[in-house]
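Which chain is which? The protein sequence lines are F and L, in order. Numbering follows our numbering, with no gaps: position 91 of the first sequence is 91. Numbering follows our numbering, with no gaps: position 63 of the second sequence is 63.
Please note that the accuracy of each hint is not assured.
Calculated pairs, DSS-like style, for lysine-lysine (alpha carbon to alpha carbon, straight line, at most 30 Å) [claimed, not checked]: (1) L:K55 / L:K17; (2) L:K59 / L:K3; (3) F:K57 / L:K59; (4) L:K98 / F:K69; (5) L:K17 / L:K71; (6) L:K3 / F:K65.
Hints were generated in silico from the structure; no laboratory data involved.
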Amino acid sequence: EAQVTQNPRYLITVTGKKLTVTCSQNMNHEYMSWYRQDPGLGLRQIYYSMNVEVTDKGDVPEGYKVSRKEKRNFPLILESPSPNQTSLYFCASSLSIVSNQPQHFGDGTRLSIL
Amino acid sequence: SQKIEQNSEALNIQEGKTATLTCNYTNYSPAYLQWYRQDPGRGPVFLLLIRENEKEKRKERLKVTFDTTLKQSLFHITASQPADSATYLCALDRGFQKLVFGTGTRLLVSP
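Next up, chain F with everything else stripped away, as it sits in the complex (with noise of 0.2 Å):
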């Protein structure tokens, strides 16, 4: 089945103890994407990667890192989280960076920070 899929589902931590967000895509997909989704705000982009070895920031990247070694693996890295990074994050990812591909969500992380 082709699916995205973020590990974990729901994690609560404390402040400054850096956490990982794992997104892996089994659709062979060259697009990957993580945003952030907050009461009032919809769906904000953090990060980006057009293809292996190339991301880039998104609308909200601060406190936030990201890496795409393997195609099919997008991890999203908070080295030192913070209560304001509270919040539910979605993992995407699409054929290509052509605009007329759907893009793929996972069922997101609910990450609590105290």
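Given chain F's structure and the hints, the job is docking chain L onto it.
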């Protein structure tokens, strides 16, 4: 600044009626607009994409219109069913898959 507006109030309709959701935008000239459905606890699921040179797009009971003069897209669900209850998101493509999403409109279809 760029802005996308969807009605933040929930839309309540009766089963069998047509639901119409609105997406307005300012300071954009998008070539593409997409609509997604999001259920509680799940990620958005793609529904329809419409290009700027297409006035209307249909898929089964769904219809999307795109008026670049009014800077507005309308999303219609005909013969609505309780299973259509969800939050619907519109997204504008700034190019190269850089989507900007609205905050979504929650649709509730009563039996």
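Each hint tested on the structure:
1. L:K55 / L:K17: Given pair K55 (chain L), K17 (chain L) holds - Cα atoms ~23 Å apart, limit 30 Å.
2. L:K59 / L:K3: holds (27 Å)
3. F:K57 / L:K59: Distance ~34 Å between K57 (chain F) and K59 (chain L) Cα, so the pair is violated.
4. L:K98 / F:K69: It holds: about 21 Å lies between the C-alpha atoms, which stays within 30 Å.
5. L:K17 / L:K71: Distance of about 26 Å is within 30 Å: holds.
6. L:K3 / F:K65: holds (26 Å)
Checked against the numbered hints listed earlier, the structure breaks hint 3 alone; every other hint is satisfied.
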